[in-house]
Amino acid sequence: MASVTSHSGKPHAGVTSAVPAPAFLSRAEPAASAEGFRPAQAVATLSPIKWIGVSGGLGALALVAFVACLGFGTETISFANVAVLLAQGPFAEGATRNVPHHIILWQVRVPRVLLAFMVGGSLAAVGASLQALLRNPLADPYVIGISSGAALGAAMAVLFGVGFSILSLSVLPFSAFLGALLALLIVYRIAVSYGSFSIHTLLLGGVVLNAIFSALILFLTSLADPYKASGMYAWLMGSLTGPDFQTVLVLAVYLLFGVAVLVSQASALNLLTLGEEAARSLGVEVERVKRVLFAAAALLTGSVVAFSGLIGFVGLIVPHAVRLVFGADHRLLLIASGIVGGIFLMLADTLARTLLSPAEIPVGVVTALVGGPLFLYLLIQQRRRIVS
Amino acid sequence: MSERPETPALSPLRLTDVTFGFGRKETAAQSPVLKNLSLTIASGEVLGILGPNGSGKSTLLKILMRVLVPQQGKVEMFGQPHAAFSQAEISRHVAFVPQETQQAFPFTINEMVLMGRYPHHNRAWALGWEGAQDRAVAMQAMRDLDVSHLGTRLITNVSGGERQRAVIARALAQEPEILLLDEPTAFLDLHHQLDIARIIRRLNRERGLTVVLVSHDLNLASQYCDRLVLLREGEIVTMGSPEEVVAGESLERVYGCPVLLDQHPQTGKPRVTLPV
Chain A
94 MASVTSHSGK PHAGVTSAVP APAFLSRAEP AASAEGFRPA QAVATLSPIK
144 WIGVSGGLGA LALVAFVACL GFGTETISFA NVAVLLAQGP FAEGATRNVP
194 HHIILWQVRV PRVLLAFMVG GSLAAVGASL QALLRNPLAD PYVIGISSGA
244 ALGAAMAVLF GVGFSILSLS VLPFSAFLGA LLALLIVYRI AVSYGSFSIH
294 TLLLGGVVLN AIFSALILFL TSLADPYKAS GMYAWLMGSL TGPDFQTVLV
344 LAVYLLFGVA VLVSQASALN LLTLGEEAAR SLGVEVERVK RVLFAAAALL
394 TGSVVAFSGL IGFVGLIVPH AVRLVFGADH RLLLIASGIV GGIFLMLADT
444 LARTLLSPAE IPVGVVTALV GGPLFLYLLI QQRRRIVS
Chain B
239 MSERPETPAL SPLRLTDVTF GFGRKETAAQ SPVLKNLSLT IASGEVLGIL
289 GPNGSGKSTL LKILMRVLVP QQGKVEMFGQ PHAAFSQAEI SRHVAFVPQE
339 TQQAFPFTIN EMVLMGRYPH HNRAWALGWE GAQDRAVAMQ AMRDLDVSHL
389 GTRLITNVSG GERQRAVIAR ALAQEPEILL LDEPTAFLDL HHQLDIARII
439 RRLNRERGLT VVLVSHDLNL ASQYCDRLVL LREGEIVTMG SPEEVVAGES
489 LERVYGCPVL LDQHPQTGKP RVTLPV
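Going down the list, the sequences are from chains A and B. Residue numbering for the first sequence follows my numbering, beginning at 94 and increasing consecutively. Residue numbering for the second sequence follows my numbering, beginning at 239 and increasing consecutively.
Possibly wrong hints are sitting among the right ones.
[What the hints assert, rightly or not] If we take Cβ atoms under 7 angstroms as the criterion, some of the chain B residues that face chain A in the derived model are: (1) VAL305; (2) GLN309; (3) GLY311; (4) GLU314; (5) ALA342.
[Unchecked claim] Pairwise CB distance ranges, derived in the manner of DEER restraints: (6) A:TYR470 with B:PHE425: 50 to 60 angstroms; (7) B:ALA322 with A:SER315: 33 to 43 angstroms; (8) A:THR294 with B:SER488: 35 to 45 angstroms; (9) B:GLY261 with A:ALA308: 48 to 58 angstroms; (10) B:PRO319 with A:LEU309: 43 to 53 angstroms; (11) A:VAL418 with B:PRO503: 37 to 47 angstroms; (12) B:ARG440 with A:THR294: 49 to 59 angstroms; (13) B:ARG440 with A:VAL300: 49 to 59 angstroms; (14) B:GLY261 with A:VAL301: 51 to 61 angstroms; (15) A:VAL301 with B:GLN504: 37 to 47 angstroms; (16) A:VAL301 with B:GLN340: 54 to 64 angstroms; (17) A:VAL301 with B:GLN309: 28 to 38 angstroms.
Just so you know, the hints here were simulated from the structure itself, not pulled from any lab data. Built from N, CA and C at the ideal position, the CB exists for glycine as well.
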């Protein structure tokens with residue numbers, strides 16, 4: 094943890110922590126001198142400049158990763174070629190339009206890599222928000238059952254309504270949203286009723302909730318005809334296969350809106366990490382903020398699950414790593430987690446579609462294999478901290 | 239300070255016939271935590287709230303802050319009903335220091351203290367950046383509590399005494415007229431207990447900060463409070479100067495055990511000891 098301590102601001106001149114500042118230095122100053130006596134550096138935290146710098150830098154990194162991921166796949170396209178094809182644009186005229194690489198790039202890879210970025214970013218932003226809301230650094234929409242709530246909602250829509258199309262834009266996302274919201278309310282109830290800091294109770298509650306929802310999903314699947322059922326299994330394992338441009342654009346609207354709502358509550362999220370009562374005493378309209386956060390988190394989880402199934406642990410790993418580097422302030426954490434989560438899932442999906450090419454591994458398998466062990470490691474760390 | 243009350247003579251906080259219970263309406267009415275309680279806090283005083291476990295001390299504090307809202311009765315701040323204010327407006331006048339602050343995330347002490355500026359933020363620009371004024375106020379609060387040298391340390395990595403001082407600094411960063419403390423010394427060793435008690439009294443004497451503190455420590459309360467309230471089962475048993483309240487008969491009645499009383503050798507205030 095030592096590397097974390099220096100993440101914000103310069104160290105104060107007298108930081109030798111063994112020697113407390115002499116009383117005459119810290120007290121005798123008249124109040125008026127507070128303005129002139131290097132207050133800005135001394136209480137330096139997040140500034141808009143740092144915020145823009147970090148998000149801009151990460152954004153540039155995301156762009157590089159995006160272009161890099163476009164080259165890989167069953168058919169490798171050289172970077173030079175990727176650049177040329179990107180420059181031609183999706184609606185290139187005449188002959189170029191029918192070149193196989195142009196089709197692969199613009200009709201298959203660009204939508205898919207964009208989808209990966211958006212899904213990863215949303216999951217990471219939701220994860221970071223849930224962690225603050227539940228005061229639990231191990232919260233993740235997948236681990237605590239929100240994703241499977243959404244999946245149950247989606248599965249019910251598929252079975253009882255709209256004919257089997259995971260990407261249909263009608264009842265499906267709304268039903269997934271309701272499922273996610275229901276799961277979130279149950280989980281929040283569990284977290285609150287056992288006091289402020291029961292990390293393990295919450296996780297246990299999430300595990301059981303997951304089990305119940307999974308059982309219901311399997312039950313529904315067994316009612317479906319075999320063709321539908323196999324499609325649902327593939328979707329449940331988390332898949333970013335085959336989106337078209339229109340789908341990606343519609344989803345982008347939902348997700349950008351949801352993430353923007355989360356970011357707009359960042360200051361309040363900082364205070365909510367202190368607990369509801371402390372947050373209220375510091376002026377947060379807790380009930381209103383909670384309603385907004387629940388709705389946004391359910392919207393994001395619901396849309397993501399409806400389009401790409403269950404992709405776990407992104408919301409856990411990414412905010413954790415970002416916090417280590419950039420600190421805990423949610424004003425930066427949410428946006429940085431969003432971008433880094435997007436990068437992470439673009440890379441994970443590239444792995445998923447190249448490792449066993451031409452076959453594909455479900456991307457949910459990749460993220461779980463990376464994230465699961467890390468989760469266990471963090472769980473052990475938490476336990477140590479509580480014991481010590 | 240944003241909006242100073244126009245008539246400082248008004249009581250900063252006044253409770254009239256307040257009844258409060260947890261849970262649903264029916265259960266709350268059956269076993270109220272506070273019963274028809276009336277209390278007027280005077281501007282500039284240090285008021286101590288005493289009483290056994292479950293007597294409603296912390297609940298009373300949370301009602302003063304509108305963290306909890308009573309089912310019956312009136313709560314007024316500077317003569318106006320609580321309902322007339324937004325939560326942020328209340329937080330600009332009244333600050334609350336909880337018994338213990340647990341933080342699972344790696345915030346620095348700087349960031350923790352600046353959270354006290356939240357009720358003053360102009361959130362038209364949603365992210366709520368702190369300005370020079372916010373930083374200056376936070377810096378002063380950190381100097382007052384002697385934590386300015388800890389600014390870049392993580393709240394998760396400092397001692398209990400340092401964390402509690404940082405939390406009080408955060409409360410001062412709200413620029414309140416009234417400071418509410420819930421057992422501010424409960425988890426601290428002797429040295430830090432004395433430290434916190436002296437800081438609180440200094441803020442009261444030098445800045446005119448009105449202080450309401452809940453304590454289990456009868457002697458600390460007797461030493462540092464101008465006025466004491468003794469609660470039992472949600473009702474006020476006695477109220478008055480330390481000499482009036484820390485008296486053998488009422489203490490034995492409220493706590494249900496015998497006590498020995500003598501006087502503090504320096505101040506002459508009543509001092510409580512348990513018999514063998």
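Against the structure, the hints come out as follows:
no., hint, in the structure
1, VAL305, "holds, 5 angstroms"
2, GLN309, "violated, 17 angstroms"
3, GLY311, "violated, 20 angstroms"
4, GLU314, "violated, 18 angstroms"
5, ALA342, "holds, 5 angstroms"
6, A:TYR470 with B:PHE425: 50 to 60 angstroms, "violated, 30 angstroms"
7, B:ALA322 with A:SER315: 33 to 43 angstroms, "violated, 59 angstroms"
8, A:THR294 with B:SER488: 35 to 45 angstroms, "holds, 41 angstroms"
9, B:GLY261 with A:ALA308: 48 to 58 angstroms, "violated, 33 angstroms"
10, B:PRO319 with A:LEU309: 43 to 53 angstroms, "holds, 48 angstroms"
11, A:VAL418 with B:PRO503: 37 to 47 angstroms, "violated, 56 angstroms"
12, B:ARG440 with A:THR294: 49 to 59 angstroms, "violated, 42 angstroms"
13, B:ARG440 with A:VAL300: 49 to 59 angstroms, "holds, 51 angstroms"
14, B:GLY261 with A:VAL301: 51 to 61 angstroms, "violated, 25 angstroms"
15, A:VAL301 with B:GLN504: 37 to 47 angstroms, "violated, 59 angstroms"
16, A:VAL301 with B:GLN340: 54 to 64 angstroms, "violated, 25 angstroms"
17, A:VAL301 with B:GLN309: 28 to 38 angstroms, "holds, 35 angstroms"
Hint check: violations occur at hints 2, 3, 4, 6, 7, 9, 11, 12, 14, 15, 16; the rest are consistent with the structure.
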